[in-house]
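Enquirer: Chain by chain, the residues:
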Amino acid sequence: MTQKEVLDDLKAILVERLMFDPSRVAEVTSETRLPAGVEGSLGLDSLDFLELSITIEHRFGIVIDGETQDLTETFLSLDSLSRFVLARMGVA
Amino acid sequence: MNEERRVVITGMGTVNASSTGGTDAVLSSLALRRPTIRTVRTFAIDGCPSCLGAEVEESVLTTRLHPDVARRLSRVCQLTVVACRLAVEDSRIEGGPQLGVVVGTEYGDIRSTVDFVEGFIRYRHSGLSPMTFPNVLMSSMAGAAAIAIGAKAPSVTVNQATVAGDLAVARAAALVAGGRAAAVVAGGVDELCEALYRRLAQMGALSPMRGMGVEGCHPFAPDHNGPVLGEGATFLVLEDLAYARARGATIRAEVLGAAWGNIPTAPHTARPSQADAHSPVLRLLDHSGIAPSALARCYGSGNGDPEVDDWERALLARDLPDHSCRPGLSPPVSLAPLFGQHAGLGALRVAAGALDVSQGTGPVLVHGIARGGCRTAILVGSPV
Amino acid sequence: MTKIVVSGLGVVSPYGAGAKTFWAGLVAGACPIRPITLFDTDGFRSRIAAEAPADVVAGLAPSRRRSRGDRLALAAAHEAVADAGLSPRDLARAALIVGAIGGGMLEGEACYWEEAQSGRSSTRRRAFRSILPSSHAETLGHELRLGGPKETVVMACASGAASIALGADLIRDGVVPLVLAGGVDALTRICFMGFNALKLLDPEPCRPFDRTRRGMSVGEAAAFLVLEDAEHCEARGGRDYGKLRGAGMTTDAHHITAPHSEGEGMIRAMTLALDAARVTAAEIQYVNAHGTGTQQNDRTEALALRRVFGDGGVLVSSIKSMVGHTMAAAGAIEAVATVLTLQHGVIPPTAHLTDLDPEIPFDCIAGVARASQIELALSNSFGFGGQNATLVFQK
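Chains as they are written, first to last, in my numbering: chain C, 80 to 171; chain S, 304 to 687; chain X, 5 to 399.
Keep in mind the hints are simulated off the structure, nothing from the lab. The structure displayed is predicted, hence computed values, not measured ones. We put the CB at the ideal spot given by N, CA and C, even for glycine. All the pointers check out, no bait thrown in.
What follows is a set of in silico ranges between Cβ atoms, one per label pair, in the way DEER data are often shown:
1) Arg574/S with Pro92/X: 16 to 24 Å
2) Phe346/S with Thr111/C: 33 to 41 Å
3) Arg97/X with Arg550/S: 32 to 40 Å
Please build the complete structure, drawing on both the sequences and the hints.
Expert: Structure representation (structure tokens):
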């Protein structure tokens, strides 16, 4: 899988599972900040991140352990998230 | 805390099959009497023993909620949030620790419950959505509304068949009268969704019940043969009179009293196993010193369910013996044909009473009785 | 001001039937959290819960057509009414307030699953009629011939406490002299799966206040209290377990699942309850905590307790460490536990607590019950969506 393909899949998840409007997701770049409380971010909260990580685990067949690891940096943007996914898939 | 406060209505907000807005919207739906009951359109109705409903236009919600807010709210939460915001705007009241919320609902969020379970049935563990699960709790609408309007006093949900909206308004009136909140946004909400609609129709709970006659909503009429489902949310702002005056609020009506009780009755039935020993209607009339002859009107919960219509008629005839054949009082006025049966209907009946008295009529009784025996009475008058 | 006494108690808990059995279990520090038997738990992070014992439930109510929740509720309500010695005449004017969430969903789920798998209409589809939370109040109102106001209150995990607070209001407002108030929840797949999906369940029995806590354990129970106008109770020679001095209910209005990070709504609930009870924080000796065992709840509740009582200013324990989080019943069984703590002068422990979280600077009665004569205690219940209720009881 390429990073582009992972990014497209992540954007699809934002629409299908996190219920974002497709037009809103179309504006999102790989650098757009994800967490709420950051200027210009997509405004995701803890529940969004949980939904996102469960869906990612299933879609990409990887395990995300948020309990023992601090994933704040991973979930900062689609860029960081897609690189994490590729690394976990052993594609990096 | 024992000192009783006077409770007034200072605003209303509604999203229903007929109109959406504040006081003006409620007024226009009552005045124009637009027909709203028609064949259900949002899902295919084939093979179902019933096909009628009173639905809210989808655009009503999409135009009133920012997509980033809407994406995290289930549809029934969206209905609640929009109606509560409209009520708060109508009343021009601010959020804060003095403002509470009471939500009445008959069914809560069946759609999310089914979605959550279907996720598991289809995709096993990975299909379980953390985002959907909180909606399964019936208190999610009150939670979402409290966030939307900044209500930090109690946020309570009451679950009850048929008279959930009445019960919510009555409980809110008690919270304000007892000084536990200066103001409470109270009313009811339900939505029409396929899983619920089909199930109720198959159980024979909707017109034409068990196949008798033509499907339709005809409360207290000889051809009544069951309720027709509606959907929407209607909320009123109930407020301490002194608080309302101090902030210069427009006072629409006063809640002269609210009471509720139980007539022991087997679940799902309308055949009491014991007489109603403590009529909330008599309690209210007695407490407020209002004679039955002074009542301008009674709005009843009768929705076309024959057994419950007859029961309501008999209860009112017993409690108002000299007025047992005064149309508009006994049998009471039903608003079910205008909006369809849903928990918002109780709040709409109280709203209608408030608008009547603001136009100069005498006190109005809002009455409710449900299968299972929950009975409600709310007395609305013009504030002196 | 109207005084309100608790004149009857009834409980069905994971220890079995009866308030006495419940109290004996708590004092022993026994933990009935075990592998779930009611439904399949294959592949879930946590597979345990505090179920009501099968043999006890089997013996509860004669009709198998009733939902498990109804049977738990009926047994607890009957016990409370008998314990209070109420006559049919008393019952005919008593109010009923039931905190509920799951209703008869356990049976509804089984039926839904069956239909989804077979593609045919289930013969047990009558179960769908009783899935709603209000089904319990319908059953109790009819079976006990209760003629006063009847209400089903849903306030997430604070439902049981809210029903007690709202019931007390009816007495204070002079509507009725007697209220049967409490909460009930049978275990459901949806609740179990949902909290698993939220990763809020500890795979091991929960460890509230422990540094290594990993979440809560779910449980099931029913608990009812008879609340009564003190004068009415005295006139009929009723029992006096203690007084409900005051209650406070607030909303965070902050987030749909997470509590306000500084516990703002929790602090307000406790402060309002103390004000209503006309007592100061310094007079409270014990807090029966919400204490679910999740990182976030326990941390936030501790912050709120520190603000209200000061570090170490009060004894704290969580019975959820033993009977799990019984959802809508939690606030009610914890109210019963608090009343019995006052009556017996023994504080139930926080089980499984071996390594106290330094962010929770309180004596949390680790592991073993402690004798302590207490006059005033407080019980906290905090629900999803920041719906908070606090009750203050006096011996």
